[in-house]
Amino acid sequence: MVASRCLPRGRYPRRHPKKYYLSQGIDLSGIEVIENDLLFIARARLEVENQAKRLLEQGVETQNPTQVGTALQVFHNLGTLKDTIAIVVDGYCASLEENISNALDIKVLTQPSQTITRGMYGYTLAYIRTSTYLFLATCYIHLYWMTGKLYILYTFWTAVTGTLFSQFQIATDSSMFLKQAFEGEYPKLLRLYNDLWKRLQQYSQNIQSNFNASGSTDLFAELQQMEDDAQDIFMQKKQDYDPEKALKDSLQSYEAAYLSKSLSRLFDPINLVFPPGGRNPPSTDELYSIIKTIASELNVASVDPHLSLAVSKNVAKTVQLYGVKSEQLLSTQGDASQVIGPLTEGQRRNVAVVNSLYRLHQSVLKTIHDLMGNAVQPLLDSVGDSIEAIIITMHQEDFSGSLPSSGKPDVPCSLYMKELQGFIARVMSDYFRHFECSDFVFDSTETIAQRAIELFIRNASLLRPLGEGGKMRLAADFAQMELAVAPLCRRVSDLGKSYRLLRAFRPLLFQTSEHIANSPAVGDIIPFSIILQFLFTRAPPELKSPFQRAEWSIARYSQWLDDHPSEKDRLILIRGALEAYVQSVRSREGKEFAPVYPIMVQLLQKATSTIQ
24 MVASRCLPRG
34 RYPRRHPKKY
44 YLSQGIDLSG
54 IEVIENDLLF
64 IARARLEVEN
74 QAKRLLEQGV
84 ETQNPTQVGT
94 ALQVFHNLGT
104 LKDTIAIVVD
114 GYCASLEENI
124 SNALDIKVLT
134 QPSQTITRGM
144 YGYTLAYIRT
154 STYLFLATCY
164 IHLYWMTGKL
174 YILYTFWTAV
184 TGTLFSQFQI
194 ATDSSMFLKQ
204 AFEGEYPKLL
214 RLYNDLWKRL
224 QQYSQNIQSN
234 FNASGSTDLF
244 AELQQMEDDA
254 QDIFMQKKQD
264 YDPEKALKDS
274 LQSYEAAYLS
284 KSLSRLFDPI
294 NLVFPPGGRN
304 PPSTDELYSI
314 IKTIASELNV
324 ASVDPHLSLA
334 VSKNVAKTVQ
344 LYGVKSEQLL
354 STQGDASQVI
364 GPLTEGQRRN
374 VAVVNSLYRL
384 HQSVLKTIHD
394 LMGNAVQPLL
404 DSVGDSIEAI
414 IITMHQEDFS
424 GSLPSSGKPD
434 VPCSLYMKEL
444 QGFIARVMSD
454 YFRHFECSDF
464 VFDSTETIAQ
474 RAIELFIRNA
484 SLLRPLGEGG
494 KMRLAADFAQ
504 MELAVAPLCR
514 RVSDLGKSYR
524 LLRAFRPLLF
534 QTSEHIANSP
544 AVGDIIPFSI
554 ILQFLFTRAP
564 PELKSPFQRA
574 EWSIARYSQW
584 LDDHPSEKDR
594 LILIRGALEA
604 YVQSVRSREG
614 KEFAPVYPIM
624 VQLLQKATST
634 IQ
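Numbered by our numbering, the letters in the sequence shown go through residues 24 to 635 in order.
Certain hints may be false.
[Stated by the list, open to error] Heads up, simulated PhoX-like pairs for lysine-lysine below, C-alpha to C-alpha not over 25 Å straight-line:
#1 Lys441 to Lys389
#2 Lys221 to Lys268
#3 Lys591 to Lys567
#4 Lys315 to Lys340
#5 Lys340 to Lys211
#6 Lys494 to Lys441
#7 Lys494 to Lys520
#8 Lys211 to Lys221
#9 Lys221 to Lys284
#10 Lys567 to Lys520
#11 Lys591 to Lys629
Hint data in this document are derived by calculation from the structure and do not stem from the laboratory.
Model the full assembly from the supplied sequences, consistent with the hints where possible.
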């Protein structure tokens, strides 16, 4: 290995001592001993450099920080670190530039084919787009892996990680033609760029993890303390440099062309329904066509926040144009304000214009609201899934204990409830508070709060065994549940049926089975199926809950309940569990049933008659 053969032991000096050579300034030619030594030194240096190059190449390919760091240390000791890295980086950039240039080479893109319909420039724009995407797919893979190689070099330097993207230009002699080909496809191209950036970020995280796991921290710290001039290998460091922005800046010409065409597509249907000399506002169908165009433009632009904002400005111009065109239809003559006779023609036209503007207002508002919902829905789904995962962990805690001597629970709430409260408070603070549309956010998060309460009741009704101490702790959890979901809503009482369910179920924890079955809340506020599930927890182990009989996990049973919201389906499953219990008692020739069984049968009969 290079490290063992060529490097002295111990810590390397932070700065190279100034080098003095015996042969400098003195003519020692002809001295055989010195010439032989110089030749030996030159050969040894060449061998060391070659080994270091191979080690560096292998380390970069295998993402091995130790090998890369060792190779860089060798070049540093030889005084060739800056030149060596510059050559490596230049090679990578040249390879990338050639790859991208080939991807956008019009000669390659327009190779003859019998299936191609010739159009402008000899080939259709659709064919150019398809061919270019095939080349770009290969190009991005090459760019992805090459950037990974550069990143592992950057790890040992304070240079900017994204320098790569500002060091080469997309070169092509057919830029105008390609711009025309892509002017309608820019969102797809931008989505590829966004996906590439996410992959590069994940790649850098993986490399950093490998670096930390390799135990190369000391070497990295030492390399950081090398001579100052080596820290400016790639480019002058910029405090405000944004590598992601630098990547997307290469698409500016495509973005400008796309936005221009987008505005044209938005304006066209308006100019069509407001012909010169026209006196009537657009019909409902014509207005629908305008709204459909607006929705399409916004939906396509949703791939990127910056593009969405730019297209939204175009939509604002579109609405403004509609307003100007509508204003030109208004009647401002005297008959427009008369109140003596019936509606005049001018007044009728003004009414039609106002109604048209109102329909546009309502439609645009709904379109924007739907797009906002689509944008935030993945975050809402993730929060909801996390809440469900936390709630279901209540089954990992022990609720079978007896009542403490003090008559009060030892802790104010269970561990899962503490975790739930902390999680909801954090997501509201870290994510949702950044939205300016608070009403829209609460309309969305209140749905999560309702779902959280329903899941809490569902899982609480499945806890078994449930001792007296467990009931006390569960009752405390009911009170804490209101505090847990409070950040998700304006007021907890606004949650409606879910809130009433939470309040109605808690007192039933300490009532007898007979009182529970006869509670006026059962069947009205609390579904029959929930109460029957809860009564299973008061039965002996032989009377298995539906999920136990089916040998399902709690999570699978909860999913089944989500897939079968009908009370009829749920009651059928519960009936099957009760019938299986009867069969088990008869098979062992039992003489009596559990005391709670007849109560459950009676309640099941009542529930069945109610839903029929």
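Given pair status - Lys340, Lys315, alpha carbons within 25 Å: Since the Cα atoms of Lys315 and Lys340 sit roughly 16 Å apart, the hinted pair holds (cutoff 25 Å).
Satisfaction of hint between Lys520 and Lys494, Cα-Cα up to 25 Å: holds (23 Å)
Satisfaction of hint between Lys520 and Lys567, Cα-Cα up to 25 Å: violated (29 Å)
Given hint Lys567 paired with Lys591 - CA-CA distance at most 25 Å: Holds - the C-alpha atoms of Lys567 and Lys591 are around 20 Å apart, at most 25 Å.
Pairwise hint evaluation, Lys284 against Lys221, where the allowed Cα distance is 25 Å at most: violated (28 Å)
Restraint status (C-alpha distance of Lys211 to Lys221 at most 25 Å): Cα-Cα ~15 Å, so holds.
Restraint check for Lys221 with Lys268, where alpha carbons must lie at most 25 Å apart: This hinted pair holds, its Cα atoms lying about 13 Å apart.
Holds or violated: Lys591 to Lys629, with C-alpha atoms at most 25 Å apart: This hinted pair holds, its Cα atoms lying about 12 Å apart.
Satisfaction of hint between Lys441 and Lys494, Cα-Cα up to 25 Å: Given pair Lys494, Lys441 holds - Cα atoms ~17 Å apart, limit 25 Å.
Pair hint Lys441 and Lys389, alpha-carbon separation not exceeding 25 Å: violated (38 Å)
Hint consistency between Lys340 and Lys211 [alpha-carbon to alpha-carbon, up to 25 Å]: holds (24 Å)
Checked against the numbered hints given earlier, the structure breaks hints 1, 9, 10 and satisfies all the rest.
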